[in-house]
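Residues per chain, in single letters:
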Amino acid sequence: MQEEKLKKRQFLSAQVDLSKFNHAQFEKATEEEKQQQDVMGESTTFFKDGMRRLRKNPLAMGSIIVLLLIILTIIVAPSIVPYHYSEIISVNGKRDKSAANLGPFEYSKAEQKYMASSGEKLFPHILGTDSLSRDYFIRVIYGTRVSLSVGVVAAIMVLIIGLLYGSIAGYFGGRVDLIMMRIVDIIYSLPDMLIIILLSVVFNERLKPVIDKTILSVLGTNMISMFLVFGLLYWVSMARLIRGQILSIKNNEYVLAAKCIGTKNSRILRRHILPNCLSVIIITTALQVPSAIFTESYLSFLGLGVSAPLTSLGSLANDARAGMQSYPLRLVVPAVIICLIVLALNLLGDGLRDAFDSKLN
Amino acid sequence: MEKQNNLLEVSHLKQYFPVRKGLHKIPLKAVDDVSFTIRPGETLGLVGESGCGKTTVGRTLLRLYQPTGGRIVFDNEVLYDSGEQYDENGKLIVDADGKPVLGKKIDKDMLPYRKQMQMVFQDPYSSLNPRMTVEDIIGEPLDVHKLYSNRKERREKILSLMETVGLNAEHAMRYAHEFSGGQRQRIGIARALAVNPKFIVCDEPVSALDVSIQAQVVNMFEELQDKLGVAYLFIAHDLLVVHHISDRIAVMYLGKVVEIADADELNANPVHPYTLSLLSAVPIPDPETARKSQRIVLEGDVPSPLKMPSGCPFRTRCRYATEQCAAEMPPLKDRGNGHFCACWNK
Ligand SMILES: Nc1ncnc2c1ncn2[C@@H]1O[C@H](COP(=O)(O)OP(=O)(O)OP(=O)(O)O)[C@@H](O)[C@H]1O
Ligand code: SF4
Ligand SMILES: [Mg+2]
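Just so you know, the protein sequences line up as chains A and B, in that order.
Per the working numbering, the first sequence starts with residue 1, numbered consecutively.
Per the working numbering, the second sequence starts with residue 1, numbered consecutively.
Next comes chain A alone, as it looks inside the complex:
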């Protein structure tokens, strides 16, 4: 009934005809009604909000599932499969010469004989064996382990260096920023693949005597020089990004307000600036992992990766190159796993960006 009155207006007038209302309809709001106006929606933290959006993204969720499956496999498989990545297949304590280049789920002659005589069933070679009679499945598992850990460690290294460098340059600005960023520009302008190859070669020579007989020698000089290269070269884009973020966040009045309160620089960085670029940091780190895996594979493929008998997906693919025509599976499997990991991490990174970054814009 009230609504009807509201709709009636004077001819050609946009104004509400107030004369039709009676006094009672214009009563002041009571305290209670004011309180009701004050009620706000459910409190959501920034994190919860982002997770909710992430869960709605099927590609990102699919990537998480794929990654979890891969991680679970590489953790569990070595304790189920009774072979070792560097072990040459042996039957009854004797080296099995006939076990080289087996196909998937194939047994060698010696193994078949052994199973027939003892009646015991041997664990199958899921992906067959390589030319040195090593179980290929377990080699792929270890290769994936190495590749993933290289990716994660490199990403963390890049994160730490880039974060420190970028936040100092961005927060202090002025001349400090100018000099620090020119250094970044120089590093950025170097052709990185060339530098990586050169550095790996140089480090290889120099590092060998240094790390000999230490724990590091397990990793091999190639691995260590690869980490050094990541540490030296790949942090620059992270540093640039974080500096840019900090420069824009620094101009917010809440940073000025914190200064006005008397907050120390370190606390302003920790409490006000870094939390506000956290989402960008996480996303970039997530995207750094596949790029490091890719570089590692690339270097391994060139023979500059991990040293034998340890393996990585890239060096597996490299080894398979020789027998590509006869045993294509050995090239396809590591290549597909590299693709899966890189794709899943990229999709996850994009999903994270969509879920968490929107509030910054």
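Honestly, the hints are just simulated from the structure, not real lab data.
Hints are supplied without guarantee of correctness; some may be wrong.
So the derived list for chain A, only partly shown, Cβ under 8 Å to chain B, looks like this [stated by the list, open to error]:
id: 1; residue: Ala100
id: 2; residue: Asn101
id: 3; residue: Gly231
id: 4; residue: Lys250
id: 5; residue: Asn252
id: 6; residue: Glu253
id: 7; residue: Leu256
id: 8; residue: Ala257
id: 9; residue: Cys260
id: 10; residue: Ile261
id: 11; residue: Gly262
id: 12; residue: Asn265
id: 13; residue: Asn276
Distance condition first, Cα-Cα at most 30 Å in a straight line; then the derived DSBU-like pairs of lysine-lysine [what the hints assert, rightly or not]:
id: 14; chain 1: B; residue 1: Lys25; chain 2: B; residue 2: Lys146
id: 15; chain 1: B; residue 1: Lys14; chain 2: A; residue 2: Lys250
id: 16; chain 1: B; residue 1: Lys227; chain 2: A; residue 2: Lys48
id: 17; chain 1: A; residue 1: Lys48; chain 2: B; residue 2: Lys157
id: 18; chain 1: B; residue 1: Lys157; chain 2: B; residue 2: Lys105
id: 19; chain 1: A; residue 1: Lys250; chain 2: B; residue 2: Lys198
id: 20; chain 1: A; residue 1: Lys250; chain 2: B; residue 2: Lys108
id: 21; chain 1: A; residue 1: Lys264; chain 2: B; residue 2: Lys157
id: 22; chain 1: A; residue 1: Lys259; chain 2: B; residue 2: Lys146
id: 23; chain 1: B; residue 1: Lys152; chain 2: A; residue 2: Lys264
id: 24; chain 1: A; residue 1: Lys250; chain 2: B; residue 2: Lys146
id: 25; chain 1: B; residue 1: Lys21; chain 2: A; residue 2: Lys48
id: 26; chain 1: A; residue 1: Lys259; chain 2: B; residue 2: Lys157
id: 27; chain 1: A; residue 1: Lys264; chain 2: B; residue 2: Lys307
id: 28; chain 1: A; residue 1: Lys264; chain 2: B; residue 2: Lys146
id: 29; chain 1: B; residue 1: Lys21; chain 2: A; residue 2: Lys250
id: 30; chain 1: A; residue 1: Lys250; chain 2: B; residue 2: Lys307
id: 31; chain 1: B; residue 1: Lys104; chain 2: A; residue 2: Lys259
id: 32; chain 1: B; residue 1: Lys307; chain 2: B; residue 2: Lys333
id: 33; chain 1: A; residue 1: Lys259; chain 2: B; residue 2: Lys333
id: 34; chain 1: B; residue 1: Lys115; chain 2: B; residue 2: Lys14
id: 35; chain 1: A; residue 1: Lys264; chain 2: B; residue 2: Lys14
id: 36; chain 1: B; residue 1: Lys108; chain 2: A; residue 2: Lys259
id: 37; chain 1: B; residue 1: Lys152; chain 2: A; residue 2: Lys259
id: 38; chain 1: A; residue 1: Lys121; chain 2: B; residue 2: Lys115
id: 39; chain 1: A; residue 1: Lys250; chain 2: B; residue 2: Lys104
id: 40; chain 1: B; residue 1: Lys25; chain 2: A; residue 2: Lys259
Just so you know, these numbers come straight off a predicted model, no measurement behind them.
Quick reminder that beta carbons are idealized off the backbone N, C-alpha and C, glycines included.
Put chain B with the ligands on the given structure of chain A with help from the hints.
Same frame as chain A, now just chain B with the ligands:
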């Protein structure tokens, strides 16, 4: 003789920002030779067009920017003195080469004074960290100055501050982005009050708010002043708001204070041509009076602070301008009743 009574004395304050223009860096004179005083518990209104340097005055006197020159005295302690000396006519004393004669330079560590001087910011949206809860925002000054002995006391202080500014204590754990503009401004006020300051710079605290909420917030500022005895430097570009809350008003134009007087006095007898035009821009509620009154409409734009006119900054738009105005900057002269005005011809 009045000196003893002043809480804050700002004299010859200058803030030049180096601005890159092509290859050169030229100074942008955002604040140029500004002087005023504020007594305890008093409100000084600061009005002027957008870009005339009001915010910069507030931030510089709180030492958020390093001043280019001048002297800041708070509670009879010199916080900053660039050492420049002035004669009784307000002229810089220079030696034979034209260089200023420098006295002792003073540049005190501000940390202890941050407890006594605070600021409420212009933009309620960017002045609160979106990743912090209200409790942490208001609690930060308490943390920094260690104003509590245990968590319980901290919480109690925060809740009582929220109550003081009219916020619902149940919202303490909420994030700043969940609040409306008016509520956010109240959070900002609570943060400023947390250290129990004697002086607050209020930088256009209501200009970003809805008109209906503006009145509430302005009234709250007045109530807080009655209750706590804080002094305000209340910045606004709206003369009506400033007149309502201020004891005295300073009018700024292009980085300079051109007129300063008691609020009622300024309203009744404005002297400076710029103040006259500001007052005539205030909307008059009664259409009959409005029709009769002569509006002074300013012609032209505000000159860029990079290309400051010589002499009186207002001369490019002033209808009383004479040759003298172009030659020399008029000094702030006493017109009686504590009314100062910088104009040659009025
Ligand atoms: N950090 C800075 N660097 C360079 N120039 C600045 C800086 N801060 C302010 N300015 C310049 O100084 C002048 C005065 O700015 P200020 O913010 O003090 O004006 P305002 O009176 O507060 O204006 P508004 O009413 O829009 O807030 C402007 O021309 C502005 O461009
Ligand atoms: S000094 Fe001259 S130009 Fe300046 S306001 Fe007065 S009359 Fe106008
Ligand atoms: Mg301003």
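Status of each hint after checking the structure:
Interface hint status for A/Ala100: violated, as the beta-carbon distance to the closest one in chain B is roughly 59 Å, over 8 Å. For A/Asn101, the interface hint is violated, since its Cβ never comes within 8 Å of a Cβ in chain B; the closest pair sits about 58 Å apart. Of the supplied interface hints, the one on A/Gly231 is violated, with its beta-carbon coming no nearer than about 30 Å to a beta-carbon of chain B, more than 8 Å. A cut of 8 Å between beta carbons decides the hint on A/Lys250: the least distance to chain B is about 12 Å, and the hint is violated.
Taking 8 Å as the C-beta contact cut-off toward chain B, the hint placing A/Asn252 at the interface holds, the least distance being around 5 Å. Checking A/Glu253 against chain B by beta carbon gives a least distance of about 4 Å; that is within 8 Å, so the hint holds. Checking A/Leu256 against chain B: minimum C-beta separation of about 6 Å stays under 8 Å; hint holds. Interface hint at A/Ala257: satisfied, since its Cβ lies 5 Å from the closest Cβ of chain B, which is below the 8 Å cut-off.
Hint status for A/Cys260: holds, given a least beta-carbon distance of 5 Å to chain B, under 8 Å. Evaluation of the A/Ile261 hint against chain B yields a held restraint, the C-beta minimum of about 5 Å falling below 8 Å. Using the Cβ-Cβ criterion of 8 Å, the hint placing A/Gly262 at the interface with chain B is satisfied: the shortest such distance is roughly 4 Å. Contact between A/Asn265 and chain B, as hinted, is not supported at the beta carbon level, the nearest pair being about 12 Å apart and thus beyond 8 Å.
Taking 8 Å as the C-beta cut-off, the interface hint given for A/Asn276 holds, the closest approach to chain B being about 6 Å. Taking the CA atoms of B/Lys25 and B/Lys146, the gap is near 42 Å; set against the 30 Å cutoff, the hint is violated. At roughly 24 Å between alpha-carbon atoms, B/Lys14 and A/Lys250 fall within 30 Å of each other, so this suggested pair holds. As the CA atoms of B/Lys227 and A/Lys48 are separated by approximately 41 Å, the hinted pair breaks the 30 Å bound.
Restraint check for A/Lys48 and B/Lys157: satisfied, since their Cα atoms lie roughly 29 Å apart, inside the 30 Å limit. For the proposed pair B/Lys157 and B/Lys105, the alpha carbon gap of about 39 Å is over 30 Å, so the pair is violated. For a cut-off of 30 Å, the pair hint linking A/Lys250 to B/Lys198 stands: about 28 Å separates their Cα positions. Only pairs whose Cα atoms come within 30 Å are accepted, and A/Lys250 paired with B/Lys108 is accepted, the gap being roughly 24 Å.
Between A/Lys264 and B/Lys157 the alpha-carbon distance is near 22 Å, which keeps this suggested pair within the 30 Å criterion. Restraint check for A/Lys259 and B/Lys146: the C-alpha separation of about 16 Å stays at or below 30 Å, so the hint holds. Pair hint B/Lys152 plus A/Lys264 holds up; C-alpha atoms about 24 Å apart against a cutoff of 30 Å. For the suggested pair A/Lys250 and B/Lys146, the alpha carbons sit about 25 Å apart, so the restraint of at most 30 Å is met.
Under the criterion of a C-alpha separation no larger than 30 Å, the hint pairing B/Lys21 with A/Lys48 is inconsistent with the structure, at around 46 Å. At most 30 Å may separate the alpha-carbon atoms for a hinted pair to count; A/Lys259 and B/Lys157 meet this at roughly 21 Å. Among the hinted pairs, A/Lys264 with B/Lys307 is inconsistent with the structure: their alpha-carbon atoms are about 37 Å apart, more than 30 Å. The suggested pairing of A/Lys264 with B/Lys146 holds, with an alpha-carbon distance near 13 Å, which does not exceed 30 Å.
The hinted pair formed by B/Lys21 and A/Lys250 meets the criterion: a straight-line CA distance of about 23 Å does not exceed 30 Å. At roughly 29 Å between alpha-carbon atoms, A/Lys250 and B/Lys307 fall within 30 Å of each other, so this suggested pair holds. For a cut-off of 30 Å, the pair hint linking B/Lys104 to A/Lys259 stands: about 27 Å separates their Cα positions. For the hint pairing B/Lys307 with B/Lys333, the CA-to-CA distance comes to about 25 Å; that is within 30 Å, so the pair holds.
Under the criterion of a C-alpha separation no larger than 30 Å, the hint pairing A/Lys259 with B/Lys333 is inconsistent with the structure, at around 37 Å. The straight-line distance between the Cα atoms of B/Lys115 and B/Lys14 is roughly 24 Å, inside the 30 Å bound, and the hint therefore holds. The suggested pairing of A/Lys264 with B/Lys14 holds, with an alpha-carbon distance near 26 Å, which does not exceed 30 Å. With a CA separation close to 16 Å, the supplied pair B/Lys108 and A/Lys259 stays within the 30 Å bound.
Restraint check for B/Lys152 and A/Lys259: the C-alpha separation of about 26 Å stays at or below 30 Å, so the hint holds. Note on A/Lys121 and B/Lys115: the hinted pairing is violated, with a Cα-Cα distance of about 80 Å set against a maximum of 30 Å. The hinted pair formed by A/Lys250 and B/Lys104 fails the criterion: a straight-line CA distance of about 34 Å is larger than 30 Å. For the given pair, B/Lys25 sits about 27 Å from A/Lys259 by alpha-carbon distance, which is consistent with the 30 Å threshold.
When held up to the earlier numbered hints, the structure conflicts with 1, 2, 3, 4, 12, 14, 16, 18, 25, 27, 33, 38, 39 and fits the remainder.
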